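Residue numbers (the numbering used here), protein chains in the order written: chain A, 312 to 483; chain B, 16 to 189.
Everything labelled a hint here was simulated from the structure, so no lab data went into it.
Listed below are the simulated DSS-like cross-link pairs for lysine-lysine, each with C-alpha atoms no more than 25 angstroms apart in a straight line:
| no. | chain 1 | residue 1 | chain 2 | residue 2 |
| --- | --- | --- | --- | --- |
| 1 | B | Lys139 | B | Lys58 |
| 2 | A | Lys315 | B | Lys90 |
| 3 | A | Lys470 | B | Lys188 |
| 4 | B | Lys172 | B | Lys90 |
| 5 | A | Lys357 | B | Lys87 |
| 6 | A | Lys357 | B | Lys174 |
| 7 | A | Lys327 | A | Lys315 |
| 8 | B | Lys174 | B | Lys84 |
| 9 | B | Lys188 | B | Lys174 |
| 10 | B | Lys90 | A | Lys318 |
| 11 | B | Lys87 | A | Lys315 |
| 12 | B | Lys110 | B | Lys84 |
| 13 | A | Lys357 | B | Lys172 |
| 14 | A | Lys315 | A | Lys345 |
| 15 | A | Lys345 | A | Lys327 |
| 16 | B | Lys84 | A | Lys357 |
| 17 | A | Lys315 | B | Lys35 |
| 18 | B | Lys84 | B | Lys35 |
All of these numbers come straight from a predicted model, not from anything done at the bench.
As a plain string of letters, each chain reads:
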Amino acid sequence: MINKEEKFEQIVSENKERISRVCRYYANCEEDSKDMCQEVLINIWKSLDSYRGDAAISTWIYRIAINTSLSMIGKSSKQLRFKVDLDTQHLGNLIDDDETGKKELLEKQFESLQTEINQLSIIDKALITLMLENLSSKEIANIIGLTEPNVRVKIHRIKESLRDSLAKKAME
Amino acid sequence: MNDLLNKLKKEDQFLLRLYKGIQILYWILIPVYTMFFVFAPDKELTLIERFGGGCAVIAFIIFVIIFRKRIKEQKSVDYSLPSVQMLEHAAERYKIWKPEIKWALLAVLITDVGMVLLSYDEMKGLSPIMRILQIQYIFIPMIIVAILVGIFWWYKKHKPLRDHALELLEELKS
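Isolated chain A (complex conformation) (with noise of 0.2 angstroms):
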């Protein structure tokens, strides 16, 4: 029969990338990922008990990051920053896949498209780093708890409205 401790360091060391990668999207700098991290893996610790194997290992660890983060946002005044590495192979997620040129263009304009996602709210943010994991709809609607054309509808909008702030830079 695995204790606790054991379960909790099964699930954090097969999770280990997964929650680091999240966890990196929120921070500005090694040391607040690492605060970021260790807060996760308390709401882990915490979590843990009611974990029933009901939902996927990976929906359950994303909605504990996901909520880490809306707490932490809750409980200090400062707003989170996200940072996406350069090399984010999903970045793509971000516009529509038939828009290739789109694709390149946003890749020229990281800190632009950077600073943009920080201006945006903290549940956009959240629905971002989501996309950033290439997660399907139906999988952010379970972990976010809305339904699968509410999910579509407001990715949709943050597209639009990060295409429309590019647009604009661009032609300034």
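Using the hints, position chain B against chain A.
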């Protein structure tokens, strides 16, 4: 990782100890109070005073039950719920008016009755209404101060969290 695990285990043990401590206190103090204030063989303890003691015991039981409920509620904060559900729970948890407050107010009222009954025979020179008022002069300001401190505490600590949860929920549902 080991440092973190030790911290987490310590926190769990602290909560468990606190919870067990309250349980033990509950099982010791209730019979002790009942014995000394209600069923004491002391012949000088009048029937009115025994009723007063009974009121104090009932109020004590209500307070302990409310406290146990709060600890359980605090322990059951679950970050693995879907965000909407977690935020709804947070908004509910940080509300100023909760169902248990009416029980707490009832316990306060019972304490007041208990205090009046316990000191009733000691104020023999006064009329019944004045005996009741004498206690109220002390009790009501004390309760008002306690309520004001509670509201201030909620305003500083819990209201910002509730406002933030409601704000996020509104945005999520819009």
